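Visitor: In the order they appear, the protein sequences are chains A and B. For the first sequence, this note's numbering assigns the number 1 to the initial residue and increments by one for each residue that follows. For the second sequence, this note's numbering assigns the number 1 to the initial residue and increments by one for each residue that follows.
The set of hints was computed from the structure by calculation and includes no laboratory data.
Estimated spans, in silico, between C-beta atoms of each pair:
#: 1; chain 1: A; residue 1: Arg-85; chain 2: B; residue 2: Arg-365; range: 49 to 59 Å
#: 2; chain 1: B; residue 1: Asp-276; chain 2: A; residue 2: Asp-61; range: 47 to 57 Å
#: 3; chain 1: A; residue 1: Asp-26; chain 2: B; residue 2: Gly-161; range: 27 to 37 Å
#: 4; chain 1: B; residue 1: Arg-418; chain 2: A; residue 2: Glu-19; range: 17 to 27 Å
#: 5; chain 1: A; residue 1: Asp-94; chain 2: B; residue 2: Asp-327; range: 57 to 67 Å
#: 6; chain 1: A; residue 1: His-91; chain 2: B; residue 2: Arg-365; range: 44 to 54 Å
#: 7; chain 1: A; residue 1: Ile-14; chain 2: B; residue 2: Glu-83; range: 53 to 63 Å
#: 8; chain 1: A; residue 1: Arg-85; chain 2: B; residue 2: Gln-227; range: 56 to 66 Å
#: 9; chain 1: A; residue 1: Asp-78; chain 2: B; residue 2: Gln-227; range: 57 to 67 Å
#: 10; chain 1: A; residue 1: Lys-93; chain 2: B; residue 2: Ser-415; range: 35 to 45 Å
For clarity, every value in this text was computed on a predicted model and none was experimentally measured. Note that beta-carbon positions come from the ideal geometry of N, C-alpha and C, so glycine has one too.
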Amino acid sequence: MKIKQISVFLENKIGRLAEVTKLLADAGINIRTLSLAETAEFGILRLIVNDPGTCLKVLKDHNFVAQETDVIAVEVLDKPGGLNRILEIFHKKDINIEYMYAFVEKKVDNAIVVFRIDNARKAIAVLQDHNIAIVSDDVLKNI
Amino acid sequence: MIWNNEYEAMQPDKLRAVQSARLSELVALLYKNVPFYQEKMDAFGVRPSDIKDIKDIVKLPFTTKDDMREVYPLGLLAVAKEEIVEIHTSSGTTGKPVVDAYTHKDIEIWSEVMARTLAMGDTNKNDTVQNAYGYGLFTGGLGVHYGARKIGANVIPISGGNTKRQLQIMQDFDSTVLTCTPSYSLLLAEIGKADGIDFSKLPLRVGLFGAEPWSDSMRKEIEADLQLKALDIYGLTEIIGPGVSSECLQQDGLHIFEDHFYPEIIDPATGRVLPDGQRGELVFTTLSKEGTPILRYRTRDITYLIREKCGCGRTQVRMHRLLGRTDDMLIVRGVNVFPSQVEEVLLKIEDVKPHYQILVDRKDRLDSIEIQIEMTENLFSDEIKNISANEKRIEEALYSTLNIHAQVKLVEPQSIPRSEGKARRVIDKRQL
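Please work from the sequences and hints to get the whole structure.
Guide: Spelled out as structure tokens, the structure:
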């Protein structure tokens, strides 16, 4: 149920992000969504892509420091209170979120939220208990 | 293998006698032929007849790098100009270059001490020496070349740079001995690895690395990456070039060829000679050179002398690997910082590779020191807090050794410039 996120280390330099997107474009990799965490000195680009294996290889072949991390993608009702419901469940079950980001897909009615949670197994069990739809790798590949 | 057993394993009292004879002969010659030294000795109130024993050396004046620049180009020449057969100079990056002018006999001495150096790594006539020191005015290339020729080894005079070609030649001609700067050896390893070369399958056996200071941790890195035994060699243009001292396979200090180059350790502040084992500035007198001999040259290199007998059988005194430079020493917020110390700390930390740069700056009258280190897979994380924690961990390790707060900045791989010669480790942006 977990999906693969690719994280890349980037210095805060003009054009660096474009170099990554160009590299992925040339390799035919489709970026489903991304988030960029930054400090004054560096950034961490987090990507959800259609083909994480190839993405990681292409980046490493070009001397980027990159790694694969397991994250959970959850369908969230695209209306007021949709996200809040999930966060309350996590809160009650004492599940700590390291970071999260969201995107909206054309082909589904719900928004998709990506969570990075240390105890992913517990989080998945809790979500399943509450009948919340977890998005699988296959789904992300095909939407 | 000991190249010259007679001198390299000579009994100490016999060696003293050789040194004493050579020194008194040298001083008489310099007083007669070199006005620069005659004036210096007169000003110092010392006459050639005062120098009878090597112990009398302390009566003689020092020679500094500034002296050498003042007499540029040939003010130290001690023979007629037509006796000179070759000239080398330093790069002169920090001012006028210093000059070494060799007579035929000087080139013979240089070949001899470089043969001794190469033999420290058991180099013999069956070896192929890939000489990646630069050929030209720089002494590294030709120094190794002459030594390898004297031994009768096969020398490949590839000179520095052109890394892909180096790797090709290394494989095509089965190089067994590599000579270059330590930082360049790491670049060879890095590019070679990227090209899929398995160094454990190559006959490369030993590397003689010098021309810049490097640490024991860096040695481990080089030895693991290139699958060879890495020896530290030392020399300087002012004295002869490479071939002043070299490590043997014991890797426990560099044997100084003291029948030719007499070493002293002094307190850089007072000029007083320090006892064996105490660290200070290294000073050399060339005992046998003809072209441009030099008295008590202050190298600005910091080390100490080791007099105990070495396991290799050589009796000549050893110097510890360089511990710093009197002029490279950074004074940051009043604290003395040697780049070599920084490197030692960094390379002890797992996951840190020897690609780093030290940047010193001054803002609002306060010195700051930033150390840029290339990011590695193990230092990286998808979470900012983990990366910051890694930076902090390195900062704390630096603080505990250097006693100074350095800011550590992890930068992208390959972003610190690679060097084909001496690595530029320190960038001091302060306007002092």
